[in-house]
Structure formats: C-alpha cells, structure tokens
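A.B. asks: Protein chains in written order, with UniProt numbering: chain A, 1 to 212; chain B, 1 to 212; chain C, 1 to 212; chain D, 1 to 212.
Because the hints were derived from the structure by calculation, they are not lab data.
These numbers come from a predicted model, not from an experiment.
Since no wrong hints were added, every one of them can be taken at face value.
Any copy, or any two copies together, can satisfy a pair, since identical chains are not distinguished.
Calculated pairs, DSSO-like style, for lysine-lysine (alpha carbon to alpha carbon, straight line, at most 27 Å):
#: 1; residue 1: K64; residue 2: K136
#: 2; residue 1: K89; residue 2: K158
#: 3; residue 1: K23; residue 2: K64
#: 4; residue 1: K64; residue 2: K36
#: 5; residue 1: K158; residue 2: K207
Number of protein chains: 4
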Amino acid sequence: MANSTDDMLHQAQLFNDFTAKQKLIIIAAIDVFAEKGYAATSTKEIAARAGVAEGNIYSRFTNKRGLLNAIITPVLDQMFPAELDDFIKSRLNQDYMSLETFLTVLIQDRITFLQSNAQIIKIVLSELLNDTQVRKRVINNFTAQYWQTMTHDLTVLKQRGVLVDWPFEDILRAIWSTTSGLILGFLYFNQPLDAETVNHSISATIKALSPK
Amino acid sequence: MANSTDDMLHQAQLFNDFTAKQKLIIIAAIDVFAEKGYAATSTKEIAARAGVAEGNIYSRFTNKRGLLNAIITPVLDQMFPAELDDFIKSRLNQDYMSLETFLTVLIQDRITFLQSNAQIIKIVLSELLNDTQVRKRVINNFTAQYWQTMTHDLTVLKQRGVLVDWPFEDILRAIWSTTSGLILGFLYFNQPLDAETVNHSISATIKALSPK
Amino acid sequence: MANSTDDMLHQAQLFNDFTAKQKLIIIAAIDVFAEKGYAATSTKEIAARAGVAEGNIYSRFTNKRGLLNAIITPVLDQMFPAELDDFIKSRLNQDYMSLETFLTVLIQDRITFLQSNAQIIKIVLSELLNDTQVRKRVINNFTAQYWQTMTHDLTVLKQRGVLVDWPFEDILRAIWSTTSGLILGFLYFNQPLDAETVNHSISATIKALSPK
Amino acid sequence: MANSTDDMLHQAQLFNDFTAKQKLIIIAAIDVFAEKGYAATSTKEIAARAGVAEGNIYSRFTNKRGLLNAIITPVLDQMFPAELDDFIKSRLNQDYMSLETFLTVLIQDRITFLQSNAQIIKIVLSELLNDTQVRKRVINNFTAQYWQTMTHDLTVLKQRGVLVDWPFEDILRAIWSTTSGLILGFLYFNQPLDAETVNHSISATIKALSPK
DNA sequence: AATGAATGAGACTTCATTCAT
DNA sequence: CATGAATGAAGTCTCATTCAT
Chain A
1 MANSTDDMLH QAQLFNDFTA KQKLIIIAAI DVFAEKGYAA TSTKEIAARA
51 GVAEGNIYSR FTNKRGLLNA IITPVLDQMF PAELDDFIKS RLNQDYMSLE
101 TFLTVLIQDR ITFLQSNAQI IKIVLSELLN DTQVRKRVIN NFTAQYWQTM
151 THDLTVLKQR GVLVDWPFED ILRAIWSTTS GLILGFLYFN QPLDAETVNH
201 SISATIKALS PK
Chain B
1 MANSTDDMLH QAQLFNDFTA KQKLIIIAAI DVFAEKGYAA TSTKEIAARA
51 GVAEGNIYSR FTNKRGLLNA IITPVLDQMF PAELDDFIKS RLNQDYMSLE
101 TFLTVLIQDR ITFLQSNAQI IKIVLSELLN DTQVRKRVIN NFTAQYWQTM
151 THDLTVLKQR GVLVDWPFED ILRAIWSTTS GLILGFLYFN QPLDAETVNH
201 SISATIKALS PK
Chain C
1 MANSTDDMLH QAQLFNDFTA KQKLIIIAAI DVFAEKGYAA TSTKEIAARA
51 GVAEGNIYSR FTNKRGLLNA IITPVLDQMF PAELDDFIKS RLNQDYMSLE
101 TFLTVLIQDR ITFLQSNAQI IKIVLSELLN DTQVRKRVIN NFTAQYWQTM
151 THDLTVLKQR GVLVDWPFED ILRAIWSTTS GLILGFLYFN QPLDAETVNH
201 SISATIKALS PK
Chain D
1 MANSTDDMLH QAQLFNDFTA KQKLIIIAAI DVFAEKGYAA TSTKEIAARA
51 GVAEGNIYSR FTNKRGLLNA IITPVLDQMF PAELDDFIKS RLNQDYMSLE
101 TFLTVLIQDR ITFLQSNAQI IKIVLSELLN DTQVRKRVIN NFTAQYWQTM
151 THDLTVLKQR GVLVDWPFED ILRAIWSTTS GLILGFLYFN QPLDAETVNH
201 SISATIKALS PK
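Working from the sequences, and respecting the hints, build out all of it.
C.D. replies: And the structure:
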C-alpha cells in the first residue's frame, strides 16, 4: 500500500535532515516495512521501490537496521511526550479542570499523532513485539519523562476526587488500551476513526476512570 | 525464554495429533518464534533447539510456514469462540443477569485463554501485523460465528437497559481493548496480572459500557 | 597453477580430519590462495574450482577466514618443531657432533618441509606480511618451544667452540635466511632446488657460522 | 602505523612529480597498503586518511592499481641498481679490492635503501608474492642490468681467488638472503638493525662466500 | 522415518569507479 | 580541478529446502 498524500506531507516534516534521495529511500522503506515487516523486507526491494541503487541505503544509513532506526526514532521520541498539551497544562492546576476535558484532550492528541504516523506506527509496533532493543527504547522513553509528567497530573485529579484511586499503571493502561484499540482497529481492520467512534472511546475511558 | 511448565502442559493438549518428535519441534518453534518473530527465525535454530534433524520439520510440516500454521491454528480457532461460557449461556436469558457478571465472566475467560497460550499469542500477534493471510483468518474467525453470538447476547443486554446503546463494534472494541491491554502489558512489559489488576480492568470495562 | 601430485598426497595427510568434499574445497582454496592471495580470492571461485556449491564452504569452515585457518594451521604448527630431528638429538650431546652435521640435518629437514608444503607456505608467507594475527601466531609458535630447543642445542655447540659466539637471534636469523632464500627462489622465481644448490646454501651457512 | 619523519622526507624525494594533494594520497596509501595489503585496502580509507575526496585518486592515478604502481615504481627501479656504489666501482678493478670491502659496501648500501623505504618495501614484498605482474617487473629489473653488472664484478673477484667458485645465482642468493633476512626481521618482527647485528650478517656473508 | 550434507537463490554489504555539481 | 553522491557489480554469508544414505 502506498503512502497517502497526508502521510507523505507529514513524513516530509519528520525527515527534514535528509536529502531528497534519502527521503525517497525512507518513504519506500516505510511502505514496505509497514506492509511486510522489517525482517521480511529486502534492501533490494526498498531500493527498487525508491528508484535508487541499493548502495545508497548503506552510504546513508550504514546498514538495514540503521535505516529502520532513522525511520522509527522520530516517532519513538514523540510517542510519549515529556510535556502535555498546552491546553491541559494551562488549566490543570485550576480547579475547574474536569477529568472529561483532561482525557478528551489527551486522547485526541494521541489519536491525531498515531493516525498521522500510521505507517511508521505499524513498523514500531511490529518491532516492539519482535525486537528487545526497540522494546527497551519504548520503555525508556515512557519512563524517562512521560511517566513523571503523567503521574504528577493524575495526582492532581485524584486529589480533586474526579479520578478513580487506582495505581497509575492501571489508569495509564486504561487510557492507552482504549487509544491503541481505536488505532489498531483503524490500521489493521479498516475500522472507522470518525468522530462518533472516537467519542465513544473517549466517553468509555472517562466513565471507566471516574470514581463510582 | 523457555516455556513454563504450565505452557508446556497446555501445549501438550493443543498438539495431541503430533508425535513426540514433532511436539519437540513445535515447542522449540514456539519459543523462538515468540522471541524473535517468524521471519527472523531459521529452521536450523528450531531443529537445534528441538534436538532433532532439520529434515524432520519438512517431513511433517511441509515447510516453515506449515510449521507456523500448525502452531497458530488451534489458538486462532479458539480465540473467538462460537459459544460463550456455560455460565453466561445459562443465565443470560434470565432477567437477573447483570452486565457486571457478563463482562466479568467473559473477560476472565479470555484472559485465562490468552495467558495460557501466552507464547503462541505473541506469535499470532506478530503475524497479525505482518501477514495479510493471518489477518484474514483472524477476521474470518471473528466474523464467522463469534460476531453473531456476541451481538445476539449484547442485544439482550441492551434491551434490558444495562448496556450502553452503541454500535456493537464500539462495544466489542472496548471489551477487547481492555483485555488486550492487560495481556500485552503482561506479555511484553512485565506488568502483573494479579487479581487486583484484572479487577480494575474489568471494573473499568463495566463502567465504560454502563449507560450513564 | 594446480597442485602437483606430491602436494596432493602430502595434503591428504595434513587434512585427514576432513571429508572428501571438504578436502576438495581445501585443495581448491590452497591453489587459489597461493596464486592470488587470500584477500583477492572469492569464495565463489573456490567453490567453482572445487566443483561444490558455495554454501559448503560456510557449513564446514564457518567463514572464509575459517577456511584459511584450516589450511594454514597444520603447517604453522609444524613450521617450528618443538623437537629436533632424531639424528641430531642422538648425537648432539656426543663430542663428535660437528656443526656441519648439525646444520646439514637441520636445514635439509626444513627444506624438505617447506618444499613439501610449497603452496601452503606461499599462503602463510603472504598472510604473515598482511595479517597481524597470523604474525602473532608465528611468533608464538616460534618462541613457545622451538626457541628453547634451539638455544639449548646451540649453547652446546658454542661451548664446544665450533659455533660462532653471537647472540642466538643472529645465528637463527642466519640459518633461516639461507633456508628461506632457497625456498623463496624456488617458489617464486623458478630457481632450482637441486642437490648442488642446496649444498651451496648449507655450505655457506656452515662457513658463516663457524668461528674464524 | 604512521610513517616516520625520515620516511616522509625520503618519500618526498621519491614523489617530487606529484602535487601536495597527490602526495597526501600517496603517503596515506603507503601507510594502509603496508599495514593491510593492497587487496584489503579500500580507496575510501585511503582518501579518508589523506583527508581528500575519493575522486582525487582517480583524477591523477586512473585507478587503484595506478596508485599502487605510482608508489612501488620508484622503489622497484632502484632496488637492483644498474650501477654499483662509486667506491666499489673505483676500486674493484684494482688488485687490492677485498671481498670484505666489496660485500660490506654492497650490503650496507642495500640495507640503507631498504630501511629508508621500509613501508614501500613491505608493499612491494606483498605484491611480489601475490601479483604475477609485479613479480615479472622485479625479475625484469633484476636481469636487465643488475645481473650483468654484478656478474661482471663477481667474475673479477672469482678470478682473483677471493670469492668462492659457485654459480652467480648461488652467490647472489646468499647475499640477498642475508640482506633480506635482516630487513624482514626488522620490518615484521621488531628485530634490531643496529651496527652489531648488521656486522654479524655482513661477516656471515663474507665467510659464507670466501673460499675455504 | 530420520538424518544432515548439499544446494543455490538471494540476503546484506562493500567497494572501485563515474560523473554531475 | 575538486567533491562526494551515486552506481551496480561482486563479495561474503544465510537459509529454506531437497535428497541420498
């Protein structure tokens, strides 16, 4: 499946440091990696799809894994942002910030992110399951700053009595399960990602995490 | 990582049609496929880990993919069961069956299933992302009978007013997202799967799917 | 240049631990390595010359360097023997052992050895110049036992007053320079290795190392 | 190992026809060729070590082998000089010229030459073993004029009765074996090249070639 | 049935060389 | 003239699969 125009525009932003030909390689690699998986993809096929000589891959990315890393790194780095959305940041410490607003902004933001990077997300996901190194990077990115930011904010909500008093792990899992379920259905099973569907998921999460 | 004793006992049941030597191959293949992914695993490594000659793989399983299919088929076939748990079946049509009981039994059952087949689930999951054929089989298994069974039961609950009035897709996604999130955390990120954690997930799902 | 019949008989003894097909590979590799050097030889050419599939090289010898090592190891191990020729051993401690006899037996023995392993010697020599690892192995083989054996015997000859009183290094260099010069002329410049030529070299060494 | 200052000064003389940038390439190539051998060296590494673009190699030296030839040619041309040292020339036809003087001057001169061109000598040596073309050039340089000059002078010494009456091949081999043994020990095995060591080698050669 | 040696296509990668800038 | 990106042939090595024993 070829990248959509939107994807290509978005990827153009992610890979600004690369030359035009390098971008061709990256675009092609994203396509094939997302379709068949990293291990089942040959550099020959990538080169052919990019319309360049195979050697280019190695002069720019050192080796096949270097190409993979160049692709997934920017997405990995943005997957668990160190800072929350400005809107949330500005209102969270004010007493009128509801759980509903918090979760809505949070989940919407991540859905937009995941959808914008659909193809790369597929690759990251597949490697997450198969590659210990990638898994470690994800865990690291998660714990490094995101965890602290989130737990800080969740604590505020807990103290205000609008959030269920569970361990943060369970709360975060609930949020991410819903978000991921939505995206995976969209990415792999042609399920819609329209406003109503998203709203149901957000609504489900809000209810799930509200105290009884 | 080697299979646990529980896994091996469970797998012994799944693969009763195979000879002892074939089971050795299957056990070994499950281990390596789950660890590194199908594409990154060589038949030589499987044979070595099983302690048999490489040729044995081909005499019974035709080829590498045949071995994969032999492994994932029984799990695929049970992943979306055509019939619900006896307890649910017996009570669902009675008016005192609560959403809470329904979801608790349903989710508990799938968690038990997924956990019992942890290694194979990893393999199925990875192939789901990378292999169109496997994805089609999953979709097929899902829609064939499970969908009808579930929608029938969910309809009953909806009519009784204890279930939110959303499309079945959204309801099923909510259930499966929670369940999968729990299992994936357990399988890939060393998260616990103890009673409290499971209860929180189930509780979250119940709240999520209850009408306001 | 193909191996001579003598070489092949000799090599059959050196490589007894290998199967027939492995020996074919070794014979072919010796030929090409000796002719063009290790680095300039492709495994494809070796396989073609041996009449086997290229993969065989890797299943038996791990990699290209493994094949080189299999070839040079037995020769390296015999190049600087830990024990001298029986004849020398038996007579050296007797008072009538002359320097002439000592050197004649010693040099003749090494010439026979070097000539019998002509092709492999070429390979060893080339690697000696280009590969630090091989150089270390040679130095190690030299110092491990050969040095002690030789210096012990040379000491006896010195004490008897029939050997020039130089450092052992200089004496050994004189012996090996002559021997090597003879062999290299034979191997690379089509010079003869007949009795008269050898006798002149031995005679030169005897005179060179006799006290004035 | 980088070139010593002496080497660089010496090389500056050998490669006067080249521009500064070309000399940088030559210096770098000498280093790497001497260390790993011609075949195992990439032009990319040479360019990197020289601090120039890879294309420069090709604009002046045509190709990799052209670079090798540019390096070894001046040394090959001087290895077997057509004319002997002035001192020898002037005195050889006089009756008081001793074998001792002859060999001392001759060997000292070659040792100085070989030592001054140590790195290039390593390259020449390695190619001598692996490359038929280089071997032919050496043989040609040897036979072209050096052989005639030497045999002429050796004949004088023979007639005067101060030189052993062997074929010239054997005499020249004795001289060159000793000289080469000295240099090789110095180049590859960290052996000393001090006055005493050299004197022993020269002394050995004199004795070896004196009539009994 | 079982073995694992053998095969050869094809994977990843290197590298001498070219050529547009 | 200088650069180094680009090329693609060729190299090393892997691996699914076959088949003689």
